[in-house]
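Visitor: This is what each chain is made of:
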Amino acid sequence: MKVKKIGMADLGALKAPGILTTLGLGSCVGIALYDTVNQIAGLAHIMLPSSKEIRNNKNKAKFADTAIDILVDEMIKLGAKKNNIRAKIAGGSQMFSFNIKNDILKIGERNVEATKKKLRDLNIEIVAEDTGGNYGRTIELDAKDGSLCVKTIGHGSKVI
Amino acid sequence: MKVSIDNLNSMLLDVLKELGNIGAGNAATALAKMINKKVDMKVPKIKILDFKDVPDILGGEEKPVVGIYFQMNGDIKGNIMLVLDVGSARNLVDIMFNTRTNREKFDEMELSALSEVGNILSASYVNSLSTLINLDLKISVPSISIDMAGAILSVPAVQFGQVGDKVLFIETEFQEDEKQVLGDLFLIPNMESFETILKQLGVIENEG
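In order, the protein sequences belong to chains A and B.
The UniProt record's numbering puts the first residue of the first sequence at 1, with every later residue one more than the last.
The UniProt record's numbering puts the first residue of the second sequence at 1, with every later residue one more than the last.
Just so you know, the hints here were simulated from the structure itself, not pulled from any lab data.
C-beta atoms are modelled at their ideal positions from N, C-alpha and C, and glycine is treated no differently.
It is possible that part of the hints are untrue.
As the list claims (entries may be wrong) - Derived Cβ-Cβ restraints for the label pairs, each shown as a range:
| # | chain 1 | residue 1 | chain 2 | residue 2 | range |
| --- | --- | --- | --- | --- | --- |
| 1 | A | G79 | B | D53 | 27 to 35 angstroms |
| 2 | A | E53 | B | I120 | 44 to 52 angstroms |
| 3 | B | V43 | A | K77 | 29 to 37 angstroms |
| 4 | A | G79 | B | E18 | 27 to 35 angstroms |
| 5 | B | I48 | A | G79 | 36 to 44 angstroms |
To be verified - Covered stretches of chain B, as calculated for chain A (at least 3 residues, CB under 8 angstroms):
| # | segment |
| --- | --- |
| 6 | 45-58 |
| 7 | 132-138 |
| 8 | 153-160 |
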């Protein structure tokens with residue numbers, strides 16, 4: 001089966017049979033979109049919540065607010081229908097912690113919030129999520145049924 | 001022209017290499033003092049990579065690595081992260097405790113020792129930088145995490161992601177006897193501090 005790897009600040013879509021995967025999500029969020037009727041899936045690996053807060057925002061796949069629009073477009077190009085698209089999200093953990101307040105450390109939490117807001121704005125339902133914590137995740141999205149496998153080191157693996 | 005990580009000139013790279021050299025030299029000396037043994041070091045390499053290529057240097061996104069992370073305060077604000085592959089971290093612990101184990105897991109005592117070495121190594125770099133640019137710098141207590149390389153490296157990547165699309169770091173290799181320790185040090189000044197450093201180094205002119 002075809003396996004397409006999505007890197008950091010990257011996105012991609014494909015038609016079944018095939019798997020989209022992104023490895024070692026930390027504070028980044030993996031946004032898995034799928035249309036089971038047309039068996040088309042898309043995956044984005046975003047790093048930051050908003051393109052509006054950053055001067056250098058050329059790479060649209062880097063931000064929650066811009067990546068999801070592009071991902072939906074790519075899926076529609078492959079034959080997906082907007083109304084069929086559902087979402088599952090994973091990641092957004094806090095790998096390090098300090099006693100002192102620091103916004104950059106909360107970036108995982110902010111990435112998850114921004115992702116949820118954007119999906120809500122687009123009327124895309126979030127069916128499942130595995131977010132937060134202080135550990136990394138690898139995810140695999142099956143384009144056929146939209147099942148999302150989440151693997152970790154020392155925190156088990158599961159399918160959501 | 002606005003200077004950023006994406007368009008560093010060769011002069012700045014030379015300056016950073018020199019900083020890496022002095023920093024690693026000081027770090028090797030500090031480490032040698034601590035363990036009371038001779039520590040050799042190789043000339044550090046300065047690397048600038050795209051986000052997606054960074055985990056490859058550590059053996060792939062899913063390979064477990066040790067990350068030791070600090071906050072930088074004073075005239076320059078930002079973070080420092082020292083990343084060791086698990087083998088190097090084990091060698092480092094063995095060098096310190098004069099043991100020879102092959103365990104992949106680390107106990108509390110060993111984690112605390114690793115944090116302390118991370119502290120000494122990072123402080124050596126920060127002191128070199130502080131002297132070189134003549135600014136006051138301090139680092140916080142360390143926070144340590146062992147997890148997938150991709151997840152650990154997402155932390156500096158996200159911070160660099162706010163200033164550009166590339167990551168800059170210093171690769172250092174220490175050796176004591178036959179035990180090798182390969183470490184990558186990520187120096188991550190925040191946006192304003194990055195410009196402060198470049199100005200202090202004379203790489204960019206003071207504007208207006």
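Visitor: Work down the list of hints and note, for each, if the structure agrees.
Guide: Hint check results:
| no. | hint | result |
| --- | --- | --- |
| 1 | G79(A) x D53(B): 27 to 35 angstroms | 32 angstroms, holds |
| 2 | E53(A) x I120(B): 44 to 52 angstroms | 35 angstroms, violated |
| 3 | V43(B) x K77(A): 29 to 37 angstroms | 49 angstroms, violated |
| 4 | G79(A) x E18(B): 27 to 35 angstroms | 56 angstroms, violated |
| 5 | I48(B) x G79(A): 36 to 44 angstroms | 40 angstroms, holds |
| 6 | 45-58 | holds (count 4) |
| 7 | 132-138 | violated (count 0) |
| 8 | 153-160 | holds (count 6) |
Of the numbered hints stated above, those contradicted by the structure are hints 2, 3, 4, 7, listed in ascending order.
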